[in-house]
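Go ahead and model the full structure; you've got the sequences and the hints to work with.
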Amino acid sequence: MVKVKVYVTLKEGVLDPQGKAVEQALDAKGFNGVSDMRVGKYMEFNLDANMATENQIEEMCEQLLANPVIEDYRYETEEVVSS
Amino acid sequence: MRFAVVVFPGSNCDMDMLFAIQDALGEDVEYISHRDQDLSRFDAVLLPGGFSYGDYLRSGSIASFSPIMESVKAFAQADKPILGVCNGFQVLLESGLLPGAMKRNENLKFICQTTPVIVANNETQFTSEYQQDERIQLPIAHAEGNYECDDATLEKLEQHNQIVFRYADNPNGSKGDIAGICNEKGNVLGMMPHPERAVDSLLGSADGLRLFQSILVNWREHHAVTS
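These protein sequence lines map, in sequence, to chains A and B. Everything in the first sequence is counted per my numbering, starting at 1050 for the first residue and increasing by one. Everything in the second sequence is counted per my numbering, starting at 151 for the first residue and increasing by one.
Bear in mind the hints are in silico, worked out from the structure with no lab data behind them. These numbers come from a predicted model, not from an experiment. Any given hint could turn out to be false.
The calculated lysine-lysine pairs, modelled on DSS-like cross-linking and capped at a C-alpha distance of 25 Å, are [unchecked claim]:
| hint | chain 1 | residue 1 | chain 2 | residue 2 |
| --- | --- | --- | --- | --- |
| 1 | B | Lys325 | A | Lys1069 |
| 2 | A | Lys1090 | A | Lys1069 |
| 3 | A | Lys1060 | B | Lys325 |
| 4 | B | Lys306 | B | Lys335 |
| 5 | A | Lys1052 | A | Lys1090 |
| 6 | B | Lys259 | A | Lys1078 |
| 7 | A | Lys1054 | A | Lys1090 |
| 8 | B | Lys223 | B | Lys306 |
| 9 | A | Lys1090 | B | Lys259 |
| 10 | A | Lys1069 | B | Lys259 |
| 11 | B | Lys335 | B | Lys230 |
| 12 | B | Lys335 | A | Lys1060 |
| 13 | B | Lys306 | A | Lys1060 |
Set out below in structure tokens:
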């Protein structure tokens, strides 16, 4: 079994209204110097080891987990150690 | 003419759509479940607004994998008319029947108001009863109607006259003031404003009715129905 962690954010160059609002809120609270805030999604799931190929995970991201029109994704995998 | 209104779990404008066809337009219409796959008895398919699957993941993303959507794609291939409104538009985008995607509104708020919309192309089967560049009043009600596409796609939309409606006073940040687009063949229209909620002056506007009348007029022309 493999744990897959997927991060989805709006593509670079696509304006992120939510990120902008959060950035301004941080500034309003006195946390200055913040720029390029992007708000995204984090997903994690377990995947049978024999299914956990790069190709398979990328297909999952392209077809459903991210919308390639406006979003970028990246992912990490780690072995699930069964106790 | 026989219309189908597709009901997804979380659709909430399906009754408005049924009312628009049955009571305002006076044509046959029935609900069809997202689990169904047979659209053979219908002449037009309507995807209503709402929050299919609770807007989980992205608006319209889960609904775009419903069993019915394979039939909707075949329906589009067969050059038959398909209209997606609001969440229905988002489903059409997610299913790849129309290009682009929706982002959160620029002001991050759910916007619910009547807004002026310009008919940017009256040469479609959905807009032939409008004047070119006519300014009409339609309600909008959405949090994710901020249309986004890359510059190449926008150029293509412009080139092929696929931008059917534009906001006169862009409320949500949409690229190119886009309120509604059609596919290249012109038989699939997606729009954020709700024509089905503007079919009687008692509702504040009857400007949406002519959209449904356009579909009917064009269908009759093609099918030479005399009744």
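Here is what the structure says about each hint:
The suggested pairing of Lys325(B) with Lys1069(A) holds, with an alpha-carbon distance near 18 Å, which does not exceed 25 Å. Restraint check for Lys1090(A) and Lys1069(A): satisfied, since their Cα atoms lie roughly 16 Å apart, inside the 25 Å limit. A threshold of 25 Å between alpha carbons decides the hint, and for Lys1060(A) with Lys325(B) the separation of about 16 Å falls inside it, so the pair holds. As the CA atoms of Lys306(B) and Lys335(B) are separated by approximately 13 Å, the hinted pair is consistent with the 25 Å bound.
For a cut-off of 25 Å, the pair hint linking Lys1052(A) to Lys1090(A) stands: about 17 Å separates their Cα positions. With a C-alpha separation of about 22 Å, the suggested pair Lys259(B) and Lys1078(A) falls inside the 25 Å cut-off, and the hint holds. The suggested pairing of Lys1054(A) with Lys1090(A) holds, with an alpha-carbon distance near 11 Å, which does not exceed 25 Å. Distance restraint check for Lys223(B) and Lys306(B): the Cα-Cα separation of roughly 21 Å lies within the 25 Å cut-off, and the hinted pair is therefore satisfied.
Distance check on the hinted pair: Lys1090(A) and Lys259(B) sit about 19 Å apart at the alpha-carbon level, within 25 Å; holds. For a cut-off of 25 Å, the pair hint linking Lys1069(A) to Lys259(B) stands: about 14 Å separates their Cα positions. Taking the CA atoms of Lys335(B) and Lys230(B), the gap is about 10 Å. The hint holds against a cut of 25 Å. The suggested pairing of Lys335(B) with Lys1060(A) is violated, with an alpha-carbon distance near 29 Å, which exceeds 25 Å.
Between Lys306(B) and Lys1060(A), the direct Cα distance comes to roughly 21 Å. Compliance with the 25 Å bound is thereby established for this hinted pair.
Hint compliance for this structure: hint 12 is the single one not met.
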